[in-house]
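Q: Below, each chain spelled out in residue letters.
Number of protein chains: 2
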Amino acid sequence: MILLLLMMSEQTAEKQVVTPWVATSDSAFDYDKLVRDFGSTKIDQELLDRIEAVTHKPVHHFMRRGIFFSHRDMNSILSAYEKGTPFYLYTGRGPSAGMHMGHLIPFMFTKYLQDLFDVPLVVQLTDDEKFLWKKLTVEETRKLTIENARDIIACGFNPEKTFIFSDLDYMGTMYPNVLRIQKMVTDTTVRGIFGFTDSDCIGKHSFPAIQAAPSFPTTFPHMFGDRKKIRCLIPCAIDQDPYFRMTRDVAPRLGFHKPALIHSSFFPALQGAQSKMSSSDESSSIFLTDTPKQIAKKINKYAFSGGRDTVEEHRELGGNCDVDVSFQYLAFFLEDDARLAEIREEYSSGRMLTGELKKILIGVLQDLIKKHQEARAQVTDDVVRHFMTPRPMEHILFPKKETSSK
Amino acid sequence: MILLLLMMSEQTAEKQVVTPWVATSDSAFDYDKLVRDFGSTKIDQELLDRIEAVTHKPVHHFMRRGIFFSHRDMNSILSAYEKGTPFYLYTGRGPSAGMHMGHLIPFMFTKYLQDLFDVPLVVQLTDDEKFLWKKLTVEETRKLTIENARDIIACGFNPEKTFIFSDLDYMGTMYPNVLRIQKMVTDTTVRGIFGFTDSDCIGKHSFPAIQAAPSFPTTFPHMFGDRKKIRCLIPCAIDQDPYFRMTRDVAPRLGFHKPALIHSSFFPALQGAQSKMSSSDESSSIFLTDTPKQIAKKINKYAFSGGRDTVEEHRELGGNCDVDVSFQYLAFFLEDDARLAEIREEYSSGRMLTGELKKILIGVLQDLIKKHQEARAQVTDDVVRHFMTPRPMEHILFPKKETSSK
Numbered sequence: 027m028i029l030l031l032l033m034m035s036e037q038t039a040e041k042q043v044v045t046p047w048v049a050t051s052d053s054a055f056d057y058d059k060l061v062r063d064f065g066s067t068k069i070d071q072e073l074l075d076r077i078e079a080v081t082h083k084p085v086h087h088f089m090r091r092g093i094f095f096s097h098r099d100m101n102s103i104l105s106a107y108e109k110g111t112p113f114y115l116y117t118g119r120g121p122s123a124g125m126h127m128g129h130l131i132p133f134m135f136t137k138y139l140q141d142l143f144d145v146p147l148v149v150q151l152t153d154d155e156k157f158l159w160k161k162l163t164v165e166e167t168r169k170l171t172i173e174n175a176r177d178i179i180a181c182g183f184n185p186e187k188t189f190i191f192s193d194l195d196y197m198g199t200m201y202p203n204v205l206r207i208q209k210m211v212t213d214t215t216v217r218g219i220f221g222f223t224d225s226d227c228i229g230k231h232s233f234p235a236i237q238a239a240p241s242f243p244t245t246f247p248h249m250f251g252d253r254k255k256i257r258c259l260i261p262c263a264i265d266q267d268p269y270f271r272m273t274r275d276v277a278p279r280l281g282f283h284k285p286a287l288i289h290s291s292f293f294p295a296l297q298g299a300q301s302k303m304s305s306s307d308e309s310s311s312i313f314l315t316d317t318p319k320q321i322a323k324k325i326n327k328y329a330f331s332g333g334r335d336t337v338e339e340h341r342e343l344g345g346n347c348d349v350d351v352s353f354q355y356l357a358f359f360l361e362d363d364a365r366l367a368e369i370r371e372e373y374s375s376g377r378m379l380t381g382e383l384k385k386i387l388i389g390v391l392q393d394l395i396k397k398h399q400e401a402r403a404q405v406t407d408d409v410v411r412h413f414m415t416p417r418p419m420e421h422i423l424f425p426k427k428e429t430s431s432k
Numbered sequence: 027m028i029l030l031l032l033m034m035s036e037q038t039a040e041k042q043v044v045t046p047w048v049a050t051s052d053s054a055f056d057y058d059k060l061v062r063d064f065g066s067t068k069i070d071q072e073l074l075d076r077i078e079a080v081t082h083k084p085v086h087h088f089m090r091r092g093i094f095f096s097h098r099d100m101n102s103i104l105s106a107y108e109k110g111t112p113f114y115l116y117t118g119r120g121p122s123a124g125m126h127m128g129h130l131i132p133f134m135f136t137k138y139l140q141d142l143f144d145v146p147l148v149v150q151l152t153d154d155e156k157f158l159w160k161k162l163t164v165e166e167t168r169k170l171t172i173e174n175a176r177d178i179i180a181c182g183f184n185p186e187k188t189f190i191f192s193d194l195d196y197m198g199t200m201y202p203n204v205l206r207i208q209k210m211v212t213d214t215t216v217r218g219i220f221g222f223t224d225s226d227c228i229g230k231h232s233f234p235a236i237q238a239a240p241s242f243p244t245t246f247p248h249m250f251g252d253r254k255k256i257r258c259l260i261p262c263a264i265d266q267d268p269y270f271r272m273t274r275d276v277a278p279r280l281g282f283h284k285p286a287l288i289h290s291s292f293f294p295a296l297q298g299a300q301s302k303m304s305s306s307d308e309s310s311s312i313f314l315t316d317t318p319k320q321i322a323k324k325i326n327k328y329a330f331s332g333g334r335d336t337v338e339e340h341r342e343l344g345g346n347c348d349v350d351v352s353f354q355y356l357a358f359f360l361e362d363d364a365r366l367a368e369i370r371e372e373y374s375s376g377r378m379l380t381g382e383l384k385k386i387l388i389g390v391l392q393d394l395i396k397k398h399q400e401a402r403a404q405v406t407d408d409v410v411r412h413f414m415t416p417r418p419m420e421h422i423l424f425p426k427k428e429t430s431s432k
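Same order as they appear, the protein sequences are chains F and G.
When we follow my numbering, the leftmost residue of the first sequence carries the number 27, and every step to the right adds one.
When we follow my numbering, the leftmost residue of the second sequence carries the number 27, and every step to the right adds one.
Treat each hint with caution, since some may be false.
Derived PhoX-like pairs (lysine-lysine); straight-line CA-CA distance at most 25 Å [claimed, not checked]:
| id | chain 1 | residue 1 | chain 2 | residue 2 |
| --- | --- | --- | --- | --- |
| 1 | G | K284 | F | K161 |
| 2 | G | K161 | F | K255 |
| 3 | G | K161 | F | K156 |
| 4 | F | K156 | F | K302 |
| 5 | F | K254 | G | K169 |
| 6 | G | K302 | G | K68 |
| 7 | F | K254 | G | K161 |
| 8 | F | K254 | G | K160 |
These aren't lab readings, by the way, just hints derived from the structure by calculation.
Please put together the full structure from these sequences, using the hints given.
A: Right, here's the structure in full:
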């Protein structure tokens, strides 16, 4: 009874909904609450220290600044790395028209992880999911898949160790593992975890098994042969965690390791941190196709400001970095800790005005998007085909032929 | 209110359950009731006459004797055939250990239809279904698939016009259509039609879309290209009808014709017509691997007799062909109408004793199984591979290149 009351009071205290399809809140997202609700673990200084000790490199500023803030089983991955036991990375996205800056975050971080650990990576493009959830034809989603693959490849992944796949294309190979997972998961479970109902189509009810399958190495026979005991680390936004809670429950029953996870917070909309950037809301997003002029205009026009109403007031009281979207974006994209601290100090004290802060951000974003667009222009059809072709990688990934660990 | 009472009285009048997984009854199956409940159409003399008029051949004894007794849209198929418009046949089975005589019925009839109309045939082996429903591994179901394919091929299908496929192997090609169907079918629908519940796995909930997909020609691009308007005729046992009621509902919304159906009754168990022959009950079945001796022994020992308790009584009152399993089996496998009528007359009058009737049946079955086993021995691995390889058939099926009817 006491427990029930506590839960109820907690629910009324804040209105925050986070699922793979919806992320809304009446104030800034409470990530501590998400960690509690989802049962993951906060990334603490001890973990950061261990990563640095194991890799002999400073951790990514996404981790230093709490942008990647939560995890499951990262210590198992680090122990595997210390022992020289191979593992792989798995991330993905539901292809959509209009990729925006927020979509880059998991891929930028995954690229960092791939370089840091020198490990293989699989990237799932859930075109089947998009087809089921959106008003799109199969043909339309296929086109989006290829366009999104170009943007992902432009992030600089290792062409020898990266396999990008479309569910529609790769289902033939994935199907046995998808089926094994589908057999282990009841409809009660997906109703509980994902909130599916009677009126949802049967494709939605069974889809979670498809997002789960790449967590298991035998889904990629061309990469891992029949090795069942290779660990998997999944960098993703926290809203994808429900899929992998389900996957982790199934894994040991199928003879696999539970996948490890490292979770990012949401990339805020231009309007502020109570919602995430969304392709479907044009005015909330900086797109990867935006021109320098469009970037400047959107930041100046829409980016929610933590500044004061008048210059005089601002000079006197200072701006509020904790709600200022421009400052938050800089925390994502300005790597230099000292420079970021200086900007915070200047803005909080009132010496720096909102216009000046926005100008710095605009420069950073224009530079980043320009580089992305240049890299994307290099991604030819042949390059896309290369990344998306299931190709033998065992000889690269496991140079000394191991006996199967099945 | 009156309607409700009628329905209730009907439900209590007889206990008959028929789903793709269960077929039981407390007395002989009431097929008229199934036709009413399922909303199909009884095959009548008019349809038989039309088939003979259109094909210029006598109809199969399975139809003459009411073994194939129900249909949907057979007239559309006959009209297509009259006009020279192509259509194809689709049948299948869930692979299992120990195929028995009852399993041959739909394939014998399908072989007749393929010869009669000279049309392509696709045979789906739902190894995924068996994996989901039974205590089997993926590897075990794969083996059953190949063994069952051998028995199916032994029925004599046209190697140029027949494609046999395993869902596990062919999902890569089927997936877009499976997904299109999954998007159109709510969980309410599969709960209503198939009785799935919360505690069934999500694989079961979405499986019906997989059995539906081969009803649509674009599931077989190597055979039909992108032609959407080719009709499909499905010969199957009546218990499979629920899948195709669902399919027919979805078809027009996806731009396809509704598949036509022709339904068989169940092949009775040795113990009698209130249950169907089942692989899982050894004593109910004559297996395709049985020796002549085993056949004789099982018929003599288990086949339910419509004869009387003593020879004297039998001579006086005669046997009852309507419940006699041996006589019913002869109705399936003895093609000669005059001979069958003669046997009925002899047995009913009491001139023929049960032992004599059984002896005739044993001869017929021994001969049929021997021929099957000989044909099966000719089915090499290469032959299986040939039938199960997706191969270009367009040039055979459509010798004059048509414009796509999409």
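Q: Given the hint that G/K302 pairs with G/K68, test it: the Cα-Cα distance must not exceed 25 Å.
A: holds, 21 Å
Q: Would the hint linking G/K284 and F/K161 be met if the CA-CA limit is 25 Å?
A: Holds. G/K284 to F/K161 sits at ~24 Å (cutoff 25 Å).
Q: Would you check the hint for G/K161 and F/K156, treating anything up to 25 Å between C-alpha atoms as holding?
A: violated, 33 Å
Q: Could you grab the alpha-carbon distance between F/K156 and F/K302 and see if it respects the 25 Å cut-off?
A: holds, 19 Å
Q: Is F/K254 within 25 Å of G/K161, Cα to Cα?
A: holds, 21 Å
Q: For the pair supplied as a hint, G/K161 and F/K255, is the alpha-carbon distance within the 25 Å limit?
A: holds, 24 Å
Q: Is the straight-line distance between the alpha-carbon of F/K254 and that of G/K160 25 Å or less?
A: holds, 23 Å
Q: Given the hinted pair F/K254 and G/K169, is their Cα-Cα distance within 25 Å?
A: Since the Cα atoms of F/K254 and G/K169 sit roughly 22 Å apart, the hinted pair holds (cutoff 25 Å).
The structure fails to meet hint 3 from the earlier list, while all remaining hints are met.
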